[in-house]
Each structure stands twice: as structure tokens, then as C-alpha cells.
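Starting from the known structure of chain A, arrange chain B on it as the hints suggest.
Below are the chains, spelled out letter by letter.
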Amino acid sequence: MSFFARMIIAGLLMFAFNAWAQDSPVVGYVKVVTGDATLAREGQSLAVGAGTPLHLGDRLRTASGASVGLTLKDSTLLSIGPDSELVVDAFLFAPASGQLALSARLLHGTLHFISGIIAKLKPEAVNIVTPTATIGVRGTRFVVKVSE
Amino acid sequence: MIAHPLFSGSKAGIRRKVVLLACMLLAAGCAPPSYLVLLEQDDGKTGSVIVTHAGRSARLDQAGAALALNATGPSPLTVDENQIRTDFAAAMQARPQSPQTFVLYFEGTTTTLTTASAARIADIRASVRSMPAPDVSIVGHTDRAGDDKANEALGLERAKVVRNLLADELSAAVEIAVTSHGERNPLVPTADGVLEPRNRRVEITVR
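Sequence lines, in order, name chains A and B.
Heads up: the first sequence begins at 1 in our numbering, then just goes up one per residue.
Heads up: the second sequence begins at 1 in our numbering, then just goes up one per residue.
If you are wondering where the hints come from, they were derived from the structure by calculation, not from laboratory data.
Since the structure is predicted, the reported quantities are computational estimates derived from the model, not experimental observations.
Beta carbons are placed, not taken as given, at the ideal position from N, Cα and C, and that holds for glycine.
One should not assume that every hint holds.
A short list of chain B residues far from chain A (calculated; beta carbon distances all over 10 Å) [what the hints assert, rightly or not]: (1) A145; (2) T190; (3) E196.
Quick list of simulated restraints, FRET-style, between CB atoms [as the list claims (entries may be wrong)]: (4) A63(A) with D168(B): 32 to 38 Å; (5) A101(A) with T72(B): 25 to 31 Å; (6) A153(B) with R59(A): 39 to 45 Å; (7) T190(B) with P95(A): 17 to 23 Å; (8) S75(B) with A96(A): 38 to 44 Å.
Just chain A, with the same shape it has in the complex (with noise of 0.2 Å):
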């Protein structure tokens, strides 16, 4: 293969990459902002002010004494404290299709968790994991800690 076949199709690689990027879509914001917080995507670090839109699978992360505060789509409330990490993996709220789904991965941190509109609707849609625990959620409030 020519190097120029290569370019273009590095070329047309990254920009199939970009649009996938671009697509995934919101699954909520940014409220509350205490010291840094950084989010992950795709590779690219960027720093978390509110207002701040997280997208699927984007990497949430928490320096000591950091904190931060997400309300997603379905109106689910989700806070970290300091040192902690979380992703939302699956996010469907469509309710007039009945496509709902909630599913979050703390790393490890702390998180404060209030279920939304997604849990009152089709509680068994949600869950929020962990490296030792699978939490199902049936419409409810907890807190969770997770370290080596």
C-alpha cells in the first residue's frame, strides 16, 4: 500500500473516529465544581467546570480534596468526592419508546448517589457497579466507598 493510501485512510479513520465521538451523546451535566476534576476522553484530558456536558463513557476524575456534582438527563443526581473516578457506561432515556437505562462504574472515590426519573419508570434498568459490587437500584438514595 502507497503512503499516500495509508494517509487517507488514517485520514478517514480519525474522521469516522471524530463523528463516533461527536455522537455520543449527552447523558447529562456538570453542577457543582469544587478544586480539580478532570474528564477523560478518548485519550484527551479536559478540565470540568459546571456546565461542563458528560458524555457517554467519558471518564470522570477527582483530584484529593476535589469534588463534583452531575445531574443527568433523567434528572438522576450523582456526586463524587475526592480521589474517585466514574463512568457512565449506558444511558437510554426515552420513555415514551420505554428505552430506559442506567448504568454508572465508580472506580474508586465515593460517590453519593439519588436515582431519577429512569429508576422510578423501570427500576431493574438501572445499576451502578463497582470492582466488588453490582448495586441494583430500586428508586432510592445511598452513598459508596470504594478503595484497595
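Relative to the frame of chain A, chain B by itself:
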């Protein structure tokens, strides 16, 4: 040499046991590295969680109830309130404001708000202003009088009327979704063709 079970085993095992012993002596109880506590909701009710791991599962439905999240599966736990406060104060303080929803009603088949609903606009404006990075959805609805297509359009017109009334506040919004459910999503189910004032509405969610 007599091997007391508390002091036998590997170095890591001994360290764990020393920590355990210290916890027993302190009597306050130490929290495990990973744990979950169920809390009371804003409305005073408590929901439930079902925790599964490594083939084991446990259910909590009482506020203050806790589980240790071990590699071997969840196990019951008693955690002292000060420990919960210490571990979760930052996460709890970062909790976003609760979203608010409003329902406004309309006269007949018009886009004119009822007098009572028009009086609520000020509250909605205040809600949008008080919300950091507001994400607002405005959904128009109609009753089942008239045909589907016309109702779809009427629902959207109603939603737009509300959006226009909130225009100043919405300039600070991070997202505004203005949509219509037409007659497909009635608050009060009726037969087709029925006039129902409670279904002629716009629902506003301020997130």
C-alpha cells in the same frame, strides 16, 4: 510455641488482624475499605438496593443500613455515623440542586395560558435563574379533541409560547429542548375526541 489464631498467618494477614484488634479495642468500629450505606430520600421515604457479587447477594431497605463490599461478596455491616460523615461529606456537599418540574395549562384549543398558569411564570423564571448551568426541557401536550397532526403542531406552539416567556432566563441555559408529544401522552387518559382541560398543558423541567 502456641499459635493464637489472631496472630497466625502471613505478614499481610497479621497486619489485617492487628487493625481488626485495634478496631475492637476502639469499640467505635472501623469501616471496611469498600462499603455502601442506604440513606433516606428527600421525601422522607427510603428505597432499597440489591447488591450482588461473587455469587452472593444482599438487599437493604432501611435507612442507615450498610454492607461491606468484599471481593467475596457483600456482608452486613454496622458503620458509625461519624465514619459516614467523614468518608462522604465531600460527595454529599457536591450534590446538585434537585431539578424542578412545572405544569402550565391552556385555554381550549389555543396557545393562551389559563390565568392561574400565567401567574406561575414568575416561579419558573426564578427556578431557571437559581439553577447552575440550567438544562431545560419544555414539552407541549394537547387533549384528544381534533386530529393527531393538528395536535402535534398545537403542542409545539404551546411549548414555544412558554419558551418565549422564559427567553431572558434561558439565555444562560446549557441546553433547551422544546418538543411536542401532541395528544400521545395525556395526563388524564380519555377516549379520542374528548375535551380534557387537564391534558392541554406544557411540562417544564428545570435540571
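Problem set entry | Exclusion check [A145(B) not at the chain A interface, CB over 10 Å] | holds (21 Å)
For this session: Mind checking the hinted window 32 to 38 Å against the Cβ distance between A63(A) and D168(B)?
Result: For D168(B) against A63(A), whose Cβ atoms are near 37 Å apart, the range 32 to 38 Å holds.
Exercise. For T190(B), which was marked as not at the interface, is the minimum beta-carbon distance to chain A over 10 Å?
Worked result: holds (18 Å)
Problem set entry | 39 to 45 Å as the expected CB spacing between R59(A) and A153(B), which holds or is violated | Given a distance of about 43 Å, which is inside 39 to 45 Å, the answer is holds.
Problem set entry | Range hint compliance [Cβ, A101(A) to T72(B), 25 to 31 Å] | holds (29 Å)
For this session: Run the C-beta distances from E196(B) to all of chain A and say if the shortest one exceeds 10 Å.
Result: Answer for E196(B): holds, closest chain A Cβ roughly 19 Å.
For this session: Evaluate the given range 17 to 23 Å for the C-beta pair formed by T190(B) and P95(A).
Result: holds (20 Å)
Problem set entry | Outcome of range test on Cβ distance (S75(B), A96(A); 38 to 44 Å) | holds (42 Å)
Going down the numbered hints, you'll see the structure goes against none, and every one checks out.
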